[in-house]
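Fit chain X to the known structure of chain F by using the hints.
2 protein chains.
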Amino acid sequence: MRLTASPIAASALGVLVLAAAPSPAGDLRGYSADAAKVEREWETKFRAIPSPDSLREYMRHLAARPHHVGSPYDKANAEWILAKFKSFGLDAQIETFDVLFPTPKERVVELVAPTKFVAKLQEPPLPGDPTSGQQAEQLPTYNAYSVDGDVTASLVYVNYGVPADYERLERLGISVKGAIVIARYFGSWRGIKPKVAAEHGAIGCLIYSDPRDDGYTQGDVYPHGPWRPRDGVQRGSVMDMPVYPGDPLTPGVGATKDAKRLATAEAQTITKIPVLPISYGDAQPLLAALAGPTAPDEWRGGLGITYHVGPGPAKVHLRVKSDWSLKPLYDVIARIPGASAPDEWIIRGNHHDAWVNGAEDPISGQAPLLEEARAYGELLKQGWKPRRTIVYAAWDGEEPALLGSTEWVEAHADELAHKAVAYLNSDTNGRGYLSLAGSHTLEKFINDVARDIEDPETKLTVWKRNQLRAVATARTSEARDEARRRADLRIGALGSGSDYTPFLQHVGIASLNLGYGGEDGGGIYHSIYDDFKWYTTFDDTSFVYGRALAQTMGTAVMRLAGADLLPYDFTGLAETVGRYAREVEKLLKDTQDSVREQNRQIDEGVFSATNDPREPLVPPAKEAIPPYLNFAELDNAVDALTRAADRYDKALAKAESNGGAALAKPEAKALNATLLQSERALTIADGLPRRPWYRHQVYAPGFYTGYGVKTLPGVREAIEQKNWKEADAQIPRVARALGAETDLINRAAEQLEKLAP
Amino acid sequence: MRLTASPIAASALGVLVLAAAPSPAGDLRGYSADAAKVEREWETKFRAIPSPDSLREYMRHLAARPHHVGSPYDKANAEWILAKFKSFGLDAQIETFDVLFPTPKERVVELVAPTKFVAKLQEPPLPGDPTSGQQAEQLPTYNAYSVDGDVTASLVYVNYGVPADYERLERLGISVKGAIVIARYFGSWRGIKPKVAAEHGAIGCLIYSDPRDDGYTQGDVYPHGPWRPRDGVQRGSVMDMPVYPGDPLTPGVGATKDAKRLATAEAQTITKIPVLPISYGDAQPLLAALAGPTAPDEWRGGLGITYHVGPGPAKVHLRVKSDWSLKPLYDVIARIPGASAPDEWIIRGNHHDAWVNGAEDPISGQAPLLEEARAYGELLKQGWKPRRTIVYAAWDGEEPALLGSTEWVEAHADELAHKAVAYLNSDTNGRGYLSLAGSHTLEKFINDVARDIEDPETKLTVWKRNQLRAVATARTSEARDEARRRADLRIGALGSGSDYTPFLQHVGIASLNLGYGGEDGGGIYHSIYDDFKWYTTFDDTSFVYGRALAQTMGTAVMRLAGADLLPYDFTGLAETVGRYAREVEKLLKDTQDSVREQNRQIDEGVFSATNDPREPLVPPAKEAIPPYLNFAELDNAVDALTRAADRYDKALAKAESNGGAALAKPEAKALNATLLQSERALTIADGLPRRPWYRHQVYAPGFYTGYGVKTLPGVREAIEQKNWKEADAQIPRVARALGAETDLINRAAEQLEKLAP
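As given, the protein sequences belong to chains F and X, one line each in that order. So for the first sequence, my numbering puts the first residue at 5; every next one is plus one. So for the second sequence, my numbering puts the first residue at 5; every next one is plus one.
It is worth saying that the hints were derived from the structure and are not from the lab. Where hints are given, some of them may not hold.
Identical chains share a label here; the pair holds if one copy fits it or two copies do between them.
[Claimed, not checked] In silico DMTMM-like pairs for lysine to aspartate or glutamate, Cα to Cα no more than 20 Å straight-line:
1. K120 with D102
2. K463 with D639
3. K593 with D485
4. K463 with D607
5. K325 with E141
6. K593 with E482
7. K463 with D616
This structure is a prediction, so every number in the text was calculated from the model and none was measured.
The shape of chain F in the complex, shown without the other chains:
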């Protein structure tokens, strides 16, 4: 029924060998048949509204000048967005916070031996790109939250600067103690690089964009192509956000005017060593001046040189000094009050601040958000009355440290914990495939939304295009088979890197992060070249994917806001958590096997036999075999969760039968109140080891990946760090959170069973 109701689903019927969309009892999950019909009509109206021309004009305005935190145009944009929301007929206001945001005062990178070279640290304006010449307003190239420092030392090349790279250096017999390291971007979130370097005794850190990852090796460079030119630099935060994001001086509380603040010296999240980012133009003379071992094969980039590791003879002077004053944040918040459940909130956000002009990051995501709001304004005029409250947020200060979203969430944590149903985030948007990540309680829900959106290029549904890509790119026949047969496409788990983090991982609000992309590459990220000219030449030039994002996000928000019953699903959650549990169990086994094998090879003399005397390696040392851990509590918790999820699912199927009239009963309100807490149940108040701000027990950014997710993070990271005692202590905590979730689901199932006996 739904398939024919959807104007475009017919195209998905062509290929019957692929899994057809599942047929739930009702037409829309959580809707009675009558409500679904009405909802579908509003959604169809909604999706007709977003216009590429509007998106283009929003971008032209918002990206017209540099608009980083504290800049005049950042404030002007907030006020412009506020005025837009109001002009759409929405209730809106600006909420302000005052946060520590350092801006550069002094920056020096120079080679002082064996030859002299002074790094330019400057991105040149390009003819034909008008905004690239706005130098007076541009933030210089720097890494925010680098500690001030002035150091001179030998240089060591550390590849991506992740822990595995330092293990490799150890085999090469090279220490970075007292050295300045130069790491290339990628391989981890950038903030990990100075953190790991400092842990190994380095006294300074340079981060550069290698042309192999982000320059001419990838494709023609700007302005001839979309890739990073020789002097382009990636700005960005290096705050230790895996400990906590947001204002370093107000962890856990909103940075309001009178909030209690730490002294800057007390802030845990500022780097331990000075850091600056540089271009490959500036990096080449430094890297070319290194001697020592030839860099391992995978460490070699695209510069026309032989990559050496050092240390020295290259000696570098690095100086960084910032203005550490507080800067104001302007979050713009609009609300559409819910008609019958005003205390159940659907929150949708995208940041508006940028490092410079930020056409792609973040305006390509902010513009659709505004267009969704405009469309809602029109629907409201036509009589649309969403059941729940819809909150639209244009965050400030995402770039430095998720500042605007984090401070807002911290300031409103109690209210959010009582009212938030879901948070839907976007950040940047481009051409290609819908990227789907978030809470697995929403996996089925967002798959259904994706089945109702048309891909602008292929005219398939975005779901079908994603599925066919999954078939094309599957690495194993099992994965291909799953892509063909599983009712839903798997959604990714969220680590960090955008504003969903405080919602999901601090308060425990079911979240989704969506965006289109995958067809266009580009190397203007966090540079002055990320601007209207670049975006409209090389990315979603006709803004049809901007429209698709508005259609996707807007449909999801409306559908969540209008459902009789909150459309969470727990079977996908249980299955996914079960996979994670098997992964961590396998991780332990693989670690045991690899330690055992390495010890055996040491005994056999493998390392001395294969050591080249001209390029000697330090042999690894024998290690204790990791102990077996008691995973029984985790396994039992997963089993119980699975049973509860199945029970809820059966009860739902029953409630959805016969037109789902049961869902429309007034008693559904109490059931929704239970369901609304379901993601919260997965958190524990005192959070993860050494980072209590992160409370979610299923998803967290990795302590040593930064953006990359670690699922079941307490257990997984303890195993990765070979901290067996901690791993042993974390298993029951995860089991406790899963147990709380199980209890909640069983309560919900009981309520549902009563609703439709």
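Same frame as chain F, but now just chain X:
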């Protein structure tokens, strides 16, 4: 017993978890206990003789001037080697042939649009490298056996220029018809590149050394390091040797003075289109001038440019003209007549000609050969009397086309077919691990030799060092387990690329190709920088691996020459051929699966769904599913071979018991006569499809790899080419050869059973 008898085997006893050497009934395979004791004493004396200083002086002399075919120093070197053999007390002479060997008269490569650039085509002399300045005697940079031509056309970059690259181009919608292609070295033997280019309609071919494969990306360039400098060029033959090697005008017969010759125009093995090799210095402006699609990720090299595929706007003019006169070859042949079995020959060879000075290629292998001969001279003076005839050969003309060895083998084919026991080849030598490849009937034999040679760096046996490296580099736990537990290390199968080819693949003589290496890289291959200065700065600088090669080769030759019973083993052959049979069967199944999967994806719309309209790809076409083939004959033949091998093995064990006195019986002579034909049984007189010169049914160089081996080539290549009719016809032919081998082994087993009833 053998372990303690060997002066160095004790060091292998340290680690008992690894497989110990097997304990055959006798001390040396094929020797009675008494004979083994005597043999061991001679071998120990032998291995004490080779001297690094001698090797250094041989190299200094032989690499002192350019010595390609037809040059004065090539002839002078042959005469010097002859004199050396004679001075060692050996009977020696020079055998000459006259062969077609083109040398360049005109060479032009120039970019004529969109800008002008004339390629230098010249390697500059380097200060501090005295022989690099011998320009008057150096062969210019060129590819021998390129047809003459003068073409101007658009340029297309074809990556390595192998068939898979053209499939990729087809997906990109790019044709090379009427174009000049530029391919990088590596990925196949160089002669494949113009062959495949011509098959696709190209009219000219450039081959360049990319710095990623062979230049600064690999390491510091000469003279600062061992890698190829900006203007270094790899010369080399592009003759279509997978059809037949040797003189193009005398296929199958020796190119003696009065041999019947084809006209040059009739020679099948000369390229169809003109070809020249260039340096990366010369290639950069050409590649930088290409537009069209960005090259696929794996196609991008180490030049500081964005790699594009073209075609054009780069337009190139290529002109090649050669002197096609006949040139003389000087093979130097020394003989030590066998004392009791003079008509059983052990042949050992290495070429002496080079592209220029050739210190590494071939003198690093030629010098040990001379040192082995010197040591034999000393042993002969001390009363050593090898049972069989030993033939030592310094081949001319290997570089252009295995000319010296091929013409000699063709001229002596009948005699060799009657007398040859084995051919042992080396070519270049360096620091590191013993590379072991050859006939699997000699797998056990050469493993045993490797157990008796000391690795100069680790003082382990070279066998043990190889085993531990196999443990270290195993990609699967099964492979690691095999490295630990299998009695013998597997030896590689031989394709082509050196002088064993006519022996093994034309006549069917059990062959081995040995050399040390793997620790030092370098990029001077076939350039003027492959000289004494380079070798003694960057490679086996103390010549201890040269000594190890002389010890390894000399021991192998002596042990083959002295054995009571020829030490072939058939169980390893049977096991290995069984693996090959399973491989080709799996190849068919994988091809069926992949065609089936691709057809399914075409039906599903995967290719249109994942097509980026800005970078459109041509969708693949549906293909017929490959048929099932009847492998029963092959499987039955493998089974019969396995049973015969086991029978022979049991009979041998019995004969070796009680001191192996049975082996010394006069009747062993007839058994040896049977065994001597064992590799011949694996050949078929009319050879492989479209290349009858290649007669071996188990090993051949690939028609589209050139050097890389194809095992069970008739069947495997037919499946690879999707020529199902041919595959069907080839299976019984392979089965027939295996059947002939099985019959021979059963006859030998019967003889052996009678010898030791």
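Quick rundown of the hints versus the structure:
Taking the shortest Cα distances, K120 and D102 never come within 20 Å of each other, neither inside one copy (42 Å) nor across copies (61 Å). In this homomeric assembly, K463 and D639 never come within 20 Å of each other (Cα to Cα): the closest approach is 43 Å inside a single copy and 52 Å across copies. Only between protomers do K593 and D485 lie at most 20 Å apart by alpha-carbon distance; the minimum there is 19 Å, versus 27 Å within a single protomer. Taking the shortest alpha-carbon separations for K463 and D607, only the inter-copy value of 17 Å comes in at or below 20 Å, while the best intra-copy value is 61 Å.
Within a single copy, K325 and E141 get their C-alpha atoms as close as 19 Å, which meets the 20 Å cut-off; across copies the closest is 63 Å, which misses it. In this assembly of identical chains, the alpha carbons of K593 and E482 lie at most 20 Å apart only when taken from different copies (18 Å versus 22 Å within one copy). In this assembly of identical chains, the alpha carbons of K463 and D616 lie at most 20 Å apart only when taken from different copies (13 Å versus 58 Å within one copy).
This entry does not satisfy hints 1 and 2, going by the numbered hints stated previously.
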